[in-house]
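Asker: Start from the sequences and build out the full structure, keeping to the hints where you can.
Each chain is listed here by its residues.
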Amino acid sequence: MKAKFNILRSTCVPLPLENVDTDQIIPARFLKATDKEGFGDNLFRDWRYNPDGTKKDFVLNDPTYGGQILVAGKNFGCGSSREHAAWAIAGYGFRVVVSSFFADIHKNNELNNFVLPVVVSEAFLAELFASIKADPKTEVVVDLPAQTITNTATGSSEHFDINGYKKYCLINGLDDIDFLLQNKDKIEDYERRVGKN
Amino acid sequence: MAKTLFDKIWDSHVVQIVDDGPTQLYIDRLYCHEVTSPQAFAGLRERGLKCFRPDHIYCMPDHNTPTHDQDKPIEDPVSRKQVDTLKKNADDFGLTHFGMMSPLNGIIHVVGPELGLSLPGMTIVCGDSHTSTHGAVGAVAFGIGTSEVEMVLASQCILQAKPKSMRITVDGKLGPGVTAKDLALYIMSQITTSGATGYFVEYAGEAIRALTMEGRLTLCNLSIEMGARGGFIAPDETTFAYLKGRPYAPQGEEWDRAVERWKQLKSEPDATFDKEVRFDAADIEPMVTYGTNPGMGIGITQRIPEPQNASDEKALAYMQFRAGDPMIGQPVDYVFLGACTNGRIEDFRAFASIARGRHKAESVTAWLVPGSWHVMEQIRQEGLDRVLEEAGFAIRQPGCSACLAMNDDKIPAGKLAVSTSNRNFEGRQGPGARTVLASPLVAAAAAVTGVITDPRTLL
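These protein sequence lines map, in sequence, to chains A and B. Heads up, the first sequence is in the working numbering, so the first residue is 5 and it goes up one at a time. Heads up, the second sequence is in the working numbering, so the first residue is 22 and it goes up one at a time.
Treat the hints as calculated values from the structure; they're not laboratory data. Any given hint might turn out to be false.
Said to hold, decoys possible - Cross-link-like lysine-lysine pairs, in silico, DSSO-like; alpha carbons within 30 angstroms at most: (1) K6/A - K108/B; (2) K40/A - K108/B; (3) K183/B - K24/B; (4) K284/B - K6/A; (5) K24/B - K190/A; (6) K296/B - K183/B; (7) K171/A - K296/B; (8) K284/B - K194/B; (9) K40/A - K284/B; (10) K335/B - K60/A; (11) K6/A - K102/B; (12) K59/A - K436/B; (13) K109/B - K171/A; (14) K287/B - K183/B; (15) K78/A - K137/A; (16) K40/A - K29/B; (17) K29/B - K296/B; (18) K108/B - K194/B; (19) K183/B - K190/A; (20) K60/A - K78/A; (21) K40/A - K109/B; (22) K190/A - K287/B; (23) K24/B - K296/B; (24) K78/A - K296/B; (25) K6/A - K109/B; (26) K190/A - K137/A; (27) K185/B - K29/B; (28) K29/B - K284/B; (29) K59/A - K78/A; (30) K78/A - K335/B; (31) K265/B - K24/B; (32) K171/A - K185/B; (33) K60/A - K436/B; (34) K190/A - K171/A; (35) K190/A - K102/B; (36) K108/B - K141/A; (37) K40/A - K60/A; (38) K190/A - K296/B; (39) K71/B - K194/B.
Answerer: Right, here's the structure in full:
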């Protein structure tokens with residue numbers, strides 16, 4: 005899943021709902037796999053499909069919308085810690101999720117799968133939803149090195165936060181385990197200092 | 022600067038602070054269950070790594086385990102493979118594993134505290150958001166993703182930004198029939214499911230101090246449903262009395278030294294929190310949820326509120342509820358007592374207190390599922406199994422059961438379940454299932470009457 009991230013220009017898929025929980029992103033019955041493959045097929049499964057497999061009226065079934073950026077209402081990814089939600093989002097082909105607020109665990113899970121969670125203001129989010137509604141071909145530019153997101157329809161642009169360490173990891177395709185493995189001596193120093201529990 | 026208890030525990034586990042980045046935090050306990058660990062072990066294999074500190078890691082299956090016939094192989098081959106994979110991973114990497122039918126097996130968040138594996142002052146993680154439960158013993162415990170499980174397996178450390186601190190103080194005394202579950206649902210209804218996102222919560226105040234350990238475990242369990250990274254209660258005599266003599270707790274002189282150390286684990290009086298909220302226990306009645314997130318709760322005597330936005334409207338439509346209707350009297354199809362939220366002995370005592378001398382309503386299917394074999398043993402010792410059987414209830418074998426529809430215990434589409442679990446999300450208990458979250462007392466009242474009933478009328 006390691007993939008470098010730099011600048012992304014893409015159309016968006018709008019999901020103007022609040023408190024989208026990870027049970028909706030990927031229902032529990034799809035968590036029985038022992039690998040990370042195929043979760044994208046079941047992204048938002050019960051919002052996409054009826055029990056008989058026919059399609060529901062849902063944005064992922066609407067050919068009007070597409071792209072590598074998912075735009076969602078506030079408190080995206082609340083609930084279960086399941087990283088399968090991030091694997092489903094990445095597996096479906098999204099590289100960025102834009103919202104005004106993310107749940108903590110899910111936000112980390114996205115970052116650990118090279119999906120960039122971009123926190124924007126409520127005003128920016130509302131304007132972006134309006135732009136996409138007016139023109140589904142509206143493009144957004146996410147510039148990680150500059151830490152900016154731009155709505156090309158209106159020209160509105162905002163700075164977004166990400167710590168320098170994680171930004172470096174995303175740009176260079178490195179993960180946290182690569183970092184931790186280089187620090188074993190510090191861990192052993194810590195254990196000597198405090199004594200293991 | 023005066024430190025909060027959260028600062029004390031967190032700061033004492035810092036290995037290093039990464040430049041312009043997160044903290045490298047040392048982890049005392051990693052728990053692994055079968056659902057969120059296989060990809061982490063696969064990652065270790067791909068990198069050719071071993072577990073850095075195998076004696077800090079405990080594994081047990083709970084999500085997929087059926088709640089009947091556990092002595093036989095699991096029928097669902099996919100579930101069976103996941104459970105078998107955990108056993109193989111534990112064996113290959115030299116980790117302790119409490120498998121199905123082991124007397125030490127149960128839901129990880131019930132087993133950890135009851136075995137004394139989760140202790141005051143520890144850092145505890147698991148690939149499960151309800152890891153916040155272990156905060157009840159005075160630990161910094163939080164849920165993590167599978168990549169983070171892999172980090173801990175590989176290095177016994179995790180990279181995390183330090184959360185902000187929040188104190189939730191509850192003054193006064195809870196009324197009769199009002200439990201820790203109601204307290205938690207009430208707090209969520211006031212601060213919403215994202216009211217504590219970004220924070221680690223310390224619960225304090227008279228009503229918190231008065232909670233039993235079981236009640237504290239229930240409250241801390243639900244911290245994540247407020248969005249909190251975790252929640253905990255400073256250890257006190259209630260904590261020490263609960264932990265004393267538990268198999269993995271320190272024993273003898275070591276115990277005495279540990280208690281002296283643990284007594285220092287409290288926020289300093291002039292410590293400041295990034296956010297403080299305060300509630301009065303007297304304002305809380307038995308609670309029920311009416312929507313599709315745990316923050317959509319009301320007192321049981323109240324009426325369903327008007328929707329405020331598209332998300333609320335979607336929730337009411339899914340639940341087939343009408344704004345303005347009372348919750349009391351809504352017909353109930355299923356009742357579920359159990360889960361890491363309310364699967365402990367006190368929850369069974371509460372349920373039995375209402376079931377005693379009454380009978381299960383004909384129209385209700387009830388699943389009563391202890392959180393562990395240890396809880397099952399307590400139920401038998403106290404004779405609660407006979408009380409419940411006489412009232413028409415059967416007790417199932419331990420596991421996560423109907424909390425999340427990963428095993429056979431699924432609520433059918435369209436059916437209404439009063440559930441002591443932790444989430445009422447769409448489809449959580451099965452596709453199309455409608456969940457009302459409530460305490461064991463409210464669940465028991467629904468089970469014997471067939472409708473949502475104020476348990477205070479049956480006490």
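Asker: State for each hint whether it applies.
Answerer: Structure-based check of all given hints:
1. K6/A - K108/B: Holds, because 28 angstroms separates the two Cα atoms, which is no more than 30 angstroms.
2. K40/A - K108/B: Holds, at about 19 angstroms.
3. K183/B - K24/B: Holds, at about 14 angstroms.
4. K284/B - K6/A: Violated: K284/B and K6/A sit about 45 angstroms apart, past 30 angstroms.
5. K24/B - K190/A: holds, 25 angstroms
6. K296/B - K183/B: Roughly 15 angstroms between the alpha carbons, so the hint for K296/B and K183/B holds.
7. K171/A - K296/B: holds, 29 angstroms
8. K284/B - K194/B: Holds, at about 24 angstroms.
9. K40/A - K284/B: It is violated: about 44 angstroms lies between the C-alpha atoms, which goes past 30 angstroms.
10. K335/B - K60/A: holds, 15 angstroms
11. K6/A - K102/B: Distance of about 27 angstroms is within 30 angstroms: holds.
12. K59/A - K436/B: holds, 23 angstroms
13. K109/B - K171/A: violated, 36 angstroms
14. K287/B - K183/B: Holds, at roughly 19 angstroms.
15. K78/A - K137/A: Given pair K78/A, K137/A holds - Cα atoms ~18 angstroms apart, limit 30 angstroms.
16. K40/A - K29/B: Since the Cα atoms of K40/A and K29/B sit roughly 37 angstroms apart, the hinted pair is violated (cutoff 30 angstroms).
17. K29/B - K296/B: Roughly 18 angstroms between the alpha carbons, so the hint for K29/B and K296/B holds.
18. K108/B - K194/B: It is violated: about 45 angstroms lies between the C-alpha atoms, which goes past 30 angstroms.
19. K183/B - K190/A: With Cα atoms ~19 angstroms apart, K183/B and K190/A stay inside 30 angstroms; holds.
20. K60/A - K78/A: Answer holds: K60/A to K78/A is near 23 angstroms, not above 30 angstroms.
21. K40/A - K109/B: Holds, at roughly 19 angstroms.
22. K190/A - K287/B: Given that 30 angstroms is the threshold and the Cα spacing comes to 28 angstroms, the pair holds.
23. K24/B - K296/B: Holds: K24/B and K296/B sit about 15 angstroms apart, inside 30 angstroms.
24. K78/A - K296/B: holds, 20 angstroms
25. K6/A - K109/B: With a Cα-Cα distance of about 27 angstroms, the restraint between K6/A and K109/B holds, given a limit of 30 angstroms.
26. K190/A - K137/A: violated, 52 angstroms
27. K185/B - K29/B: holds, 13 angstroms
28. K29/B - K284/B: Cα-Cα ~13 angstroms, so holds.
29. K59/A - K78/A: It holds: about 26 angstroms lies between the C-alpha atoms, which stays within 30 angstroms.
30. K78/A - K335/B: holds, 16 angstroms
31. K265/B - K24/B: holds, 28 angstroms
32. K171/A - K185/B: Between K171/A and K185/B the Cα gap is close to 22 angstroms, so the pair holds against 30 angstroms.
33. K60/A - K436/B: It holds: about 21 angstroms lies between the C-alpha atoms, which stays within 30 angstroms.
34. K190/A - K171/A: Given pair K190/A, K171/A holds - Cα atoms ~23 angstroms apart, limit 30 angstroms.
35. K190/A - K102/B: violated, 37 angstroms
36. K108/B - K141/A: violated, 50 angstroms
37. K40/A - K60/A: holds, 26 angstroms
38. K190/A - K296/B: violated, 33 angstroms
39. K71/B - K194/B: violated, 50 angstroms
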